[in-house]
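Asker: Could you build the full structure based on these sequences and the hints that come with them?
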Amino acid sequence: MTDFVTRFRARPRTDRKVSYLADGRPAAELTHLELDRRARAVGSWLTESGMAGRPVLLLHPAGLDFLVAFLGCLYAGAVAVPAPLPLSGASRVDRVDRLIEDSGARLVLTDEAHVGVLGGLSARTAAEGPDSWEPPEVDAGAVAYLQYTSGSTSRPRGVEVTHGSLTHNLELFRKISGDVPVRRIGGWLPHHHDMGLVGLQLQALHAEADLVLLSPEAVIARPIRWLRAISEHRVDWTVAPDFGYAWATRRVDDADLAGLDLSCLTMAVSGAEPIRIATLDAFVDRFAAVGFRRTSLNPGYGLAESTLVVTCTSRGRGPTVRSFTPASLAAGEVVPASDADGVPLVGCGEPGDMRVRVVDPVTGAVLDDGTIGEIGVAGPSLAAGYHGDPAATRATFVTGPDGRWLRTGDLGFLLDGQLFVTGRLKELIIVRGRNLYPQDIEVAAREAHPDAGRGAAFGVRSADAEEHVVLVQEMRRAAQADPVAFADAVLDPVTKQFGVSVSLVVVRSNTVRHTTSGKVRRGHMRELFLGGGLAALHRELTPAVAGVVAASEADRG
69 MTDFVTRFRA RPRTDRKVSY LADGRPAAEL THLELDRRAR AVGSWLTESG
119 MAGRPVLLLH PAGLDFLVAF LGCLYAGAVA VPAPLPLSGA SRVDRVDRLI
169 EDSGARLVLT DEAHVGVLGG LSARTAAEGP DSWEPPEVDA GAVAYLQYTS
219 GSTSRPRGVE VTHGSLTHNL ELFRKISGDV PVRRIGGWLP HHHDMGLVGL
269 QLQALHAEAD LVLLSPEAVI ARPIRWLRAI SEHRVDWTVA PDFGYAWATR
319 RVDDADLAGL DLSCLTMAVS GAEPIRIATL DAFVDRFAAV GFRRTSLNPG
369 YGLAESTLVV TCTSRGRGPT VRSFTPASLA AGEVVPASDA DGVPLVGCGE
419 PGDMRVRVVD PVTGAVLDDG TIGEIGVAGP SLAAGYHGDP AATRATFVTG
469 PDGRWLRTGD LGFLLDGQLF VTGRLKELII VRGRNLYPQD IEVAAREAHP
519 DAGRGAAFGV RSADAEEHVV LVQEMRRAAQ ADPVAFADAV LDPVTKQFGV
569 SVSLVVVRSN TVRHTTSGKV RRGHMRELFL GGGLAALHRE LTPAVAGVVA
619 ASEADRG
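With the first letter of the sequence shown counted as 1, position 449 gets the number 517 in our numbering; the numbers rise by one all the way through.
What the hints contain is simulated information worked out from the structure, not anything from laboratory work. Treat each hint with caution, since some may be false.
[What the hints assert, rightly or not] Simulated pairs of lysine to aspartate or glutamate, EDC-like, Cα-Cα distance not exceeding 20 Å: (1) 564 <-> 608; (2) 243 <-> 418; (3) 587 <-> 534; (4) 564 <-> 409; (5) 85 <-> 97; (6) 494 <-> 428; (7) 494 <-> 442; (8) 85 <-> 276; (9) 564 <-> 515; (10) 243 <-> 421; (11) 494 <-> 535; (12) 587 <-> 285; (13) 564 <-> 535; (14) 494 <-> 421; (15) 243 <-> 285; (16) 494 <-> 519; (17) 494 <-> 534; (18) 85 <-> 300.
Just so you know, these numbers come straight off a predicted model, no measurement behind them.
Answerer: Structure representation (structure tokens):
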């Protein structure tokens, strides 16, 4: 298979373009040929600067300059390190400092507007290189870039994505569209996020399609911008995490639907976190009147350690939904149930070019279909490992007699050829032998009260080694609402639904931390809870959990 870089360099098209849409300004555009020429200039300069095989930190705002710099790194054989601009908040600055230390980057590239702002990092733009420069041959096993994970359950780690794994994953993703070529890919996910980088930007170049990009901040502020871009530019492929579809459903008004036509959209990929059928159904109901079809939904499963996609529903099939008894999900052996009585789960597609199995997380034994265990993945899309962390690499990428397998840390099961994802192994809450999934508790709490915002559920262990459920729950309109009444309204249905005691901490909006893809950082919220780092409007703690908090405070004191 011809690698992605060589393939794009060999035939950059003049009739395909990448566009960045910004409100109030003309669209910034480059043809694929112009993009290639600019990337060659960056690649030439990086080569002359001796950066082949060395990490280069890329700090760019949303737009086309990032893509030029990223391709320039790949052309030169440098290791690209995409990262968010550290322009707002001390936590973002600290994150970039950690990435520099972990990656070993000594060169920072940015756009002209931010060179001065990032002067403390010795940031600069790439100089022009000669037109006659020819990129070196690409080694499929060489590291193309470091994809730093979001850190939803641990500190960020740099995943080493090779040229070979990138090429395989782009081709795997392209096959999902079937025999009909993709014409135009559009979306808003950040370029430092694996879905935004591979699923949007690089996939458009690999598929020889037009690319339409929007600012993540602009879409979060007004999600109608995303849908208007799809409608006006006739986008047929977009990607977003579950929360993106939910956000658009809630925040687009009836008046915004005027003139909208989503009939062009034939692939709307959804990933990140277990996908909720309620989110997909609500999106279909909201936008069916403007041409959106349920068969355009493509639930999938992936992670940075597999470059991006592992499985995804093929174009035109629509989501596969199965319902199971709550008791069987809690016991780990699924039993089908009627839609009225069961818990609905969304299939994430069938394993194809990547091998998928489900194993006992303790013994490693392969489990039968319908049994919940840890998802394992093998195949050419797997990354080389974690940068500078051989111990974590050995623990996560396990080599045995049947090949090299990735321990994903995700829980799920295979049934009738479909992969179903149920949660994270480290986040599973086990109460008296019952498996409780934090996202289920969070959904129940959000549905219990109109002022309920984002929540984070996690387990804490008391002195007797018993696990207990804690829920940190945001309350909207904190100035007007009564936190005590709010707590009662949330706790009553949640306790009845799951049959366990729940300790509740009511907090203001924007307290629950999450990643750029919308994943709740439950491990971090647990640390804040035990470390006294939460400003609570109200607390209702069980005696056992109160004892854990008191012990934690004593240790800190």
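Asker: Each hint: holds or not?
Answerer: Now for the hints, and whether the structure bears them out:
no.: 1; hint: 564 <-> 608; in the structure: holds, 16 Å
no.: 2; hint: 243 <-> 418; in the structure: holds, 13 Å
no.: 3; hint: 587 <-> 534; in the structure: violated, 27 Å
no.: 4; hint: 564 <-> 409; in the structure: holds, 16 Å
no.: 5; hint: 85 <-> 97; in the structure: holds, 7 Å
no.: 6; hint: 494 <-> 428; in the structure: holds, 14 Å
no.: 7; hint: 494 <-> 442; in the structure: holds, 11 Å
no.: 8; hint: 85 <-> 276; in the structure: holds, 9 Å
no.: 9; hint: 564 <-> 515; in the structure: holds, 14 Å
no.: 10; hint: 243 <-> 421; in the structure: holds, 10 Å
no.: 11; hint: 494 <-> 535; in the structure: holds, 13 Å
no.: 12; hint: 587 <-> 285; in the structure: holds, 17 Å
no.: 13; hint: 564 <-> 535; in the structure: holds, 18 Å
no.: 14; hint: 494 <-> 421; in the structure: violated, 27 Å
no.: 15; hint: 243 <-> 285; in the structure: violated, 31 Å
no.: 16; hint: 494 <-> 519; in the structure: violated, 29 Å
no.: 17; hint: 494 <-> 534; in the structure: holds, 16 Å
no.: 18; hint: 85 <-> 300; in the structure: holds, 16 Å
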